[in-house]
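Each protein sequence line maps, in turn, to chains U and W. The first sequence: position 363 = 371 (this note's numbering), numbered continuously. The second sequence: position 24 = 68 (this note's numbering), numbered continuously.
Honestly, the hints are just simulated from the structure, not real lab data. This structure is a prediction, so every number in the text was calculated from the model and none was measured. Careful, some of the hints might be misleading.
[To be verified] Rough simulated footprint, nothing fancy, chain U against chain W, three-plus residues with beta-carbon under 8 Å:
hint	stretch
1	78-91
2	329-343
[Claimed, not checked] DEER-style ranges, computed between Cβ atoms:
hint	chain 1	residue 1	chain 2	residue 2	range
3	W	Val320	U	Pro235	55 to 61 Å
4	W	Leu205	U	Leu284	58 to 64 Å
5	U	Lys43	W	Ser278	33 to 39 Å
6	U	Asp200	W	Leu95	34 to 40 Å
7	W	Val120	U	Ile185	38 to 44 Å
8	W	Phe370	U	Thr12	51 to 57 Å
9	U	Leu58	W	Lys118	48 to 54 Å
10	W	Leu205	U	Asp200	27 to 33 Å
11	U	Asp47	W	Glu109	28 to 34 Å
Even glycine gets a Cβ: it sits at the ideal position worked out from N, Cα and C.
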Amino acid sequence: MAETKNMILNMGPQHPSTHGVLRLILELDGETVVKLTPDIGYLHRGVEKLGENLTYHQFIPLTDREDYIASLSNNLAYCMTVEKLLGMEVPPRAMVARVLLTELQRIASHLFWLGTFGIDIGAMSLFFYTFREREQILDMFEACAGARLTVNYFRIGGIAKDLPEGFDKQVRDFIKIFPERMKNDYERIFQDNKIVRIRTEGVGIISKEDAIDLGLSGPLLRACGVPWDIRKSNPYCGYETYEFDIPTGKAGDVFDRYMVRMEEMRQSLKIIQQALDRLPGGPFLADDPKVCLPSKQKVMTEMESLIHHFKIVSEGFEPPVGEVYHSIETPRGELGFYIVSDGSNKPYRLRFRPPSFVNLESLAKMAEGKLIGDLVAIIGALDPVMGEVDR
Amino acid sequence: MTEFVIIMLVKMFVIFGAVMLTMTYITLAERKILGYMQIRPGPNRVGPWGLLQPIADGIKLFLKEDIIPDNASKVVFVIAPAMALIPAVMTIAVVPFGPAVTIFGRSVDIYMADINIGILYIFAVSSIGVYGIVLAGWSSESKYSLLGGLRSSAQMISYELSMGFAIVGVIMMSQSLSMVKIIEAQKGVWFIIPQFIGFAIYITAAIAELNRTPFDLPEGESELVSGYFTEYSSMKYAMFMLAEYINIITVSGIVTTLYLGGWHGPIMPPFIWFMVKLFAVVFFMIWVRATFPRFRYDQLMTFGWKVLLPASIVNILLTAVFMTVFG
């Protein structure tokens with residue numbers, strides 16, 4: 009018998025379904041993936057090193073560009089870490105606004121995921137329907153901050169400006185139409201489709217134990233049946249006062265990941281509703297003139313504010329010496345920031361734990377022995393954002 | 045004799061031209077219909093309502109640089125697109141677009157030829173088309189192309205079988221292989237009614253044969269970039285596209301002929317009826333493309349061999365039993 013050799017296929021970094029610049033070196037036996045080696049780093053920008061040379065305020069826009077699909081969640085994780093370092097209290101209005109906006113961000117991110125996942129397994133139309141709703145959320149962000157993708161809206165001590173007029177109505181309009189859109193436009197066309205079921209059920213299974221060993225987080229972990237969500241386990245921003253459930257799956261396959269994300273969108277909507285109902289008045293930025301920028305009006309009229317403004321912009325602020333870790337639940341899982349401060353105006357070391365990077369480790373385990381078609385569905389369900397994988 | 049040659053030549057030009065024009069506008073129709081199904085306008089920049097878009101596309105493709113990869117097997121690489129296109133055009137010859145009409149006092153049929161083995165001819169010729177795809181995939185020296193070529197050859201061979209079995213029912217009922225005779229046999233009842241299982245099998249297998257969603261694995265974008273024509277550019281790429289869309293017309297024409305009663309229908313002239321039915325089938329294919337995701341390779345094979353093939357054989361048996369019992 010003639011000797012056969014496996015084919016080495018280089019998938020990416022330019023490939024339609026590797027979600028950015030992920031490169032996979034596949035060893036194929038026919039169409040079966042025998043060995044899979046991810047190669048990352050095509051989007052490396054050295055953000056952690058850059059952080060050591062920027063003041064605490066200056067770093068916020070860089071967090072936008074990590075997980076660019078959910079920039080507000082990144083803003084929040086970073087700002088909360090610095091606030092923890094400073095021991096700072098955030099005014100209630102800012103807290104509720106942060107919850108409201110990051111939950112909207114979660115829906116937007118999951119919608120983006122759903123659309124691209126649809127394309128990955130060949131359902132083209134879904135993409136346009138999910139982007140229609142995502143567009144509405146981006147419009148809200150635009151009204152708030154002026155930007156749509158890299159929103160850069162949270163600040164150390166609160167939010168950049170007050171929520172705009174008419175924001176309330178925008179959100180309520182969205183809450184009104186969204187559940188119906190989910191049912192009619194996503195579930196009926198996608199979830200109820202026989203082909204979608206056979207493409208996703210039983211594909212890319214990872215066991216509970218493996219998932220925990222690999223340090224997976226977010227929907228990926230919850231799909232294995234582990235009800236672990238930082239919003240519940242280590243509540244921040246007052247999540248303990250909101251009423252919502254943690255959806256979990258059973259099999260830990262691609263379909264469960266889909267179901268978990270769909271349910272999460274519904275739960276997020278519930279949180280948004282509650283946040284909107286309780287949104288208090290008052291200041292949106294902590295009253296700490298050494299850290300938080302004063303309003304433009306104050307700068308123009310008060311000598312002291314002008315000085316503070318100048319000082320914060322030119323040199324930043326100096327937090328106490330110490331190290332701090334804080335993590336939040338982003339749409340992709342646990343995003344944690346670790347900051348070491350030596351008492352100067354720049355962090356001595358800034359490190360973060362991006363959920364996509366850790367989740368990507370599981371790819372080989374899930375895809376080896378499967379077909380290329382499965383691999384594409386698995387990458388899709390993993391939902392990696394290369395910006396935060398490569399940093 | 046001269047008169048016959050002239051008539052044939054004129055018919056050739058007219059039918060070929062009409063098919064090419066229809067084909068280009070089917071590309072536009074596909075994009076427009078997909079657009080409306082996906083809440084977006086579709087092409088609307090070139091000409092009113094995007095009507096000149098196909099022409100712009102053609103010019104663009106024509107002016108593109110023609111790239112042949114260094115490692116490609118050059119002769120085969122050049123021949124492959126032609127091998128895909130020629131059978132596609134050849135099958136058009138026996139699609140009966142309408143019965144005889146009288147032009148300048150002469151009775152002229154709106155089809156090239158009515159050969160007595162029409163349906164067999166179509167199957168024989170369209171099978172050659174798969175060579176174009178396999179060779180394109182093989183000669184490109186690209187792994188994605190190779191996988192695409194392999195997938196499509198496996199897929200086309202398995203689906204051709206159920207396709208062939210599906211039409212046996214029709215042939216049994218019409219007692220003929222000639223396309224025109226088959227249409228004449230449907231004067232009373234269209235075969236879609238007695239042969240509904242056959243129709244369903246045929247249209248499914250035909251979509252698979254055309255490499256369209258949900259069976260578009262050979263060119264499955266998210267997996268194989270563009271499958272067998274990943275390395276093709278310019279007019280060679282355009283030839284694959286031409287072949288694909290001409291095949292859509294052919295297959296729709298065959299479905300219309302075999303199951304939808306061909307040119308039969310009240311009030312409107314026969315030719316119009318045929319075209320209406322043909323476009324209904326085309327629309328159905330576009331609709332399917334907007335709705336369905338893609339099968340996985342092994343599922344596609346399972347579906348072809350374990351579902352469609354047995355079903356088509358059962359269909360033959362049922363037809364035989366009914367024909368013996370009732371007439």
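Status of each hint after checking the structure:
| no. | hint | result |
| --- | --- | --- |
| 1 | 78-91 | holds (count 5) |
| 2 | 329-343 | holds (count 11) |
| 3 | W:Val320 with U:Pro235: 55 to 61 Å | holds, 57 Å |
| 4 | W:Leu205 with U:Leu284: 58 to 64 Å | holds, 60 Å |
| 5 | U:Lys43 with W:Ser278: 33 to 39 Å | holds, 37 Å |
| 6 | U:Asp200 with W:Leu95: 34 to 40 Å | holds, 37 Å |
| 7 | W:Val120 with U:Ile185: 38 to 44 Å | violated, 55 Å |
| 8 | W:Phe370 with U:Thr12: 51 to 57 Å | holds, 55 Å |
| 9 | U:Leu58 with W:Lys118: 48 to 54 Å | holds, 49 Å |
| 10 | W:Leu205 with U:Asp200: 27 to 33 Å | holds, 31 Å |
| 11 | U:Asp47 with W:Glu109: 28 to 34 Å | holds, 31 Å |
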